[in-house]
Amino acid sequence: MNPATNPGFWSQASLWIGQELLVAIIGVAVVMGFITVSAIALIYSEMKVAAHVQLRPAMLEVGWHGLLQPIMDVVKLLAKELTTASAINKPLFVMAPIIAFVPCLIAFIVIPFNEKLIIRDLNLGLLLIFSFSALNVIGILMGGWASANKYSLLGALRSVSQNVAYEVPILLSVMSVVIMTNTLKTTELVMAQDKIWFIVIQPIAAIIYFVSSIAETNRLPFDIPEAEGELIAGFHSEYSGMRFGLFFLAEYTNMFIVAAVFSILFLGGWHGPFLPGVVWFLIKVYFMVFIVLVARWTFPRVRFDQLMTLAWKVMIPWALVNLLVTGLVIKLVN
Amino acid sequence: MKALIKYFKDIIVGAWSIVLGFMVTIPNLFRPVITVQYPRVKLKMDPAYRGHIELAKLPGGDGSFCLACGTCERACPSGVIKIQGVKSSAGEPKTGTLFLIDFSRCSLCGLCVDVCPVDAIRHSMEYELAHYSRWDSVIDLQARYRMQQEGRG
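Chains as they are written, first to last, in the working numbering: chain A, 24 to 357; chain B, 75 to 227.
In case anyone wonders, no lab produced these hints; they're calculated from the structure. Just so you know, nobody snuck in bad clues.
Using 25 Å as the maximum straight-line C-alpha spacing, the simulated PhoX-like pairs for lysine-lysine come out as follows:
(1) K336(A) <-> K76(B)
(2) K354(A) <-> K208(A)
(3) K168(B) <-> K131(B)
(4) K83(B) <-> K336(A)
(5) K208(A) <-> K139(A)
(6) K80(B) <-> K336(A)
(7) K113(A) <-> K103(A)
(8) K71(A) <-> K116(B)
Predicted model, so just to flag it, every value in this text is computed and none were measured.
Work out the full structure: start from the sequences and follow the hints.
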């Protein structure tokens with residue numbers, strides 16, 4: 024592939040670039056459509072699950088048993104006025120929801136719905152997901168700072184320390200799985216689980232990953248940054264209409280991504296007896312999302328110092344111990 | 075040493091509390107709902123329910139037995155009752171012709187029911203009292219009683 028020796032180099036190169044660009048555009052379009060449909064389904068199921076856990080029916084008015092309600096919610100968000108206070112920092116205020124949402128889209132590049140259904144099977148698959156979800160923190164911080172509201176700022180600051188603290192156990196528990204399979208490619212991680220799922224071999228890593236990822240996505244019981252009832256809506260209290268809708272969408276998409284990574288790493292991805300791989304993958308992901316939804320109504324919100332204690336004194340030491348033991352076992356077995 | 079034991083105990087107790095929490099909430103998902111879908115399903119009230127007051131028919135009488143004595147008007151702590159009556163002839167008891175009550179100020183204390191000497195007033199079981207203007211809450215109970223009699227007879 025040398026331009027000097029190969030005369031057809033530029034035509035081959037532009038053909039390749041054209042093909043890859045087409046795959047990328049189609050992939051992004053499909054992913055955007057999937058995210059929207061999934062967000063609508065998640066809004067509906069969050070309200071229904073929340074309601075039935077509290078022994079009440081939800082949303083019986085719009086459509087049969089409320090099936091049209093999430094669509095009306097999206098329409099309402101689109102139609103609202105985008106209020107801005109006069110003391111805000113306008114560029115940061117406008118950019119914050121965008122920065123909070125775009126990393127979620129990027130993480131979809133390496134999520135495998137099937138052996139072949141993946142936008143780009145990158146060699147650094149898992150690392151892409153984690154590095155871009157760290158950008159979420161910047162979006163939250165910008166949102167909290169740019170709204171000229173001291174309570175939003177408090178929510179944003181707490182969110183930063185919470186997210187930074189819980190990144191470490193996530194990465195350590197994921198490392199325990201990665202050193203077993205020696206690869207960061209998501210398809211290979213799933214294919215290494217065709218005999219036995221990793222949740223059986225690494226239960227502690229699975230639990231630590233799951234709890235830390237609930238903290239990463241700012242869901243109850245780790246919901247301090249958006250503590251409804253204390254800070255009204257925390258870092259996004261000054262946002263209205265579609266800007267709030269973007270934060271909201273980012274939260275639901277983050278939940279999906281975190282559940283998807285859990286099922287890739289620990290639950291065997293697309294493996295399963297009769298149904299096609301895509302169906303099994305979606306069943307596993309939505310099962311984990313369901314557990315996150317029920318956990319919201321099961322546990323009280325943790326206090327901020329309890330949250331930090333949990334991260335630094337319980338999650339990180341045990342994740343380190345798990346990594347150490349995994350490394351020793353691998354060394355001894357090989 | 076004690077701190078170390080407390081650390082491990084905290085972890086075990088915390089992990090068990092997570093399991094207990096899910097054991098409480100997940101069965102709730104499979105139980106039927108306990109709320110009543112109000113406009114479509116209306117609950118039946120107890121006989122002892124204190125709804126807004128109405129004039130009661132006594133067995134054997136064909137008008138309401140209100141004597142327009144005014145005891146309930148004087149007993150009411152909010153002053154919402156206004157009574158008018160006519161006396162057909164001397165020596166006969168009065169009959170009430172107008173019994174105005176302002177429900178927006180009635181506190182449903184039941185004092186008028188308690189002091190009536192002929193038990194002409196009682197609590198009804200009606201609770202749907204929302205109205206569109208302030209004067210809709212001023213009701214003539216005698217007219218309501220007559221409408222109830224016509225509906226029944």
